[in-house]
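> Since the structure of chain E is already known, use the hints to place chain F on it.
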Amino acid sequence: GQNIDQPTEMTATEGAIVQINCTYQTSGFNGLFWYQQHAGEAPTFLSYNVLDGLEEKGRFSSFLSRSKGYSYLLLKELQMKDSASYLCAVPNDYKLSFGAGTTVTVRA
Amino acid sequence: KAGVTQTPRYLIKTRGQQVTLSCSPISGHRSVSWYQQTPGQGLQFLFEYFSETQRNKGNFPGRFSGRQFSNSRSEMNVSTLELGDSALYLCASSLSHGSTEAFFGQGTRLTVV
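Chains E and F are the protein sequences, given in the same order. Taking the working numbering, I'd label the letters of the first sequence as residues 888 to 995. Taking the working numbering, I'd label the letters of the second sequence as residues 301 to 413.
One should not assume that every hint holds.
[What the hints assert, rightly or not] Here are the computed lysine to aspartate or glutamate pairs in the EDC-like style, where the Cα-Cα straight-line distance is at most 20 Å: (1) E/K955 to E/E942; (2) F/K357 to E/D980; (3) F/K357 to F/E401; (4) E/K944 to F/E401.
[To be verified] Between beta-carbon pairs, the in silico distance windows are: (5) F/N359 to E/A995: 38 to 48 Å; (6) F/K313 to E/G902: 41 to 51 Å; (7) F/V413 to E/E964: 35 to 45 Å; (8) F/S370 to E/S952: 36 to 46 Å; (9) F/R373 to E/Y957: 30 to 40 Å; (10) E/Y957 to F/T411: 35 to 45 Å; (11) E/G940 to F/T380: 44 to 54 Å; (12) F/T338 to E/A995: 24 to 34 Å; (13) E/G902 to F/S370: 44 to 54 Å; (14) F/T338 to E/R994: 24 to 34 Å; (15) E/S914 to F/R367: 24 to 34 Å; (16) F/R309 to E/M967: 20 to 30 Å; (17) F/P339 to E/Q906: 17 to 27 Å.
No wet-lab data here; the hints were simulated from the structure. All C-beta atoms in this analysis are idealised placements derived from N, C-alpha and C, irrespective of residue type, glycine included.
Pulled out of the complex, with its shape left as it was, chain E reads as follows:
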């Protein structure tokens, strides 16, 4: 089975940087996803890492270390619209197993 852990909540100020960590234990590894979910809306795809290292996409970057079972999502130059829940997920047996999600609150 899967065991995926991420912090419950994080708060940061506009313009700052926030790093959301995710640790996982899985019987087989087929990559790791990050999704963003605003309240009352669908989760939207942010990133997919299958190889070790950092992948940058504009203000958002995602890092993976397979040997450590660890990933993080880095949000730079935070904006108010980044206030949302961020979900870490690993695919296994043709389904996604999700962490509980990290609620990020951006303050002015």
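Just chain F now, with coordinates in the frame of chain E:
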């Protein structure tokens, strides 16, 4: 290209009733997965359908069932509703069985009273 469409968006039912939720995947996508999202449990996998067949099932009681039609649209049914079934039910559309990328619909918010 239209996204994943779930209907209805909101639903209120009483205990003991049954409910049917609908999901239309992205055009050309043939795999549909269903998830339940609650504040306490997060996103939990219910089942996946591909080519009108259930390919994968999560750890939910038999009251939760689903089906997929030849046009890839899917429905899920919950019978004998319980208060604990109150949740956001999300449908995810993928190109094929085993595709890693999934696109989510807006969800159906079910409240059981």
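> For each hint, tell me whether it holds in the structure or not.
Do the hints match the structure? See the list:
no., hint, result
1, E/K955 to E/E942, "17 Å, holds"
2, F/K357 to E/D980, "10 Å, holds"
3, F/K357 to F/E401, "18 Å, holds"
4, E/K944 to F/E401, "17 Å, holds"
5, F/N359 to E/A995: 38 to 48 Å, "42 Å, holds"
6, F/K313 to E/G902: 41 to 51 Å, "45 Å, holds"
7, F/V413 to E/E964: 35 to 45 Å, "44 Å, holds"
8, F/S370 to E/S952: 36 to 46 Å, "44 Å, holds"
9, F/R373 to E/Y957: 30 to 40 Å, "39 Å, holds"
10, E/Y957 to F/T411: 35 to 45 Å, "38 Å, holds"
11, E/G940 to F/T380: 44 to 54 Å, "49 Å, holds"
12, F/T338 to E/A995: 24 to 34 Å, "31 Å, holds"
13, E/G902 to F/S370: 44 to 54 Å, "52 Å, holds"
14, F/T338 to E/R994: 24 to 34 Å, "27 Å, holds"
15, E/S914 to F/R367: 24 to 34 Å, "29 Å, holds"
16, F/R309 to E/M967: 20 to 30 Å, "25 Å, holds"
17, F/P339 to E/Q906: 17 to 27 Å, "24 Å, holds"
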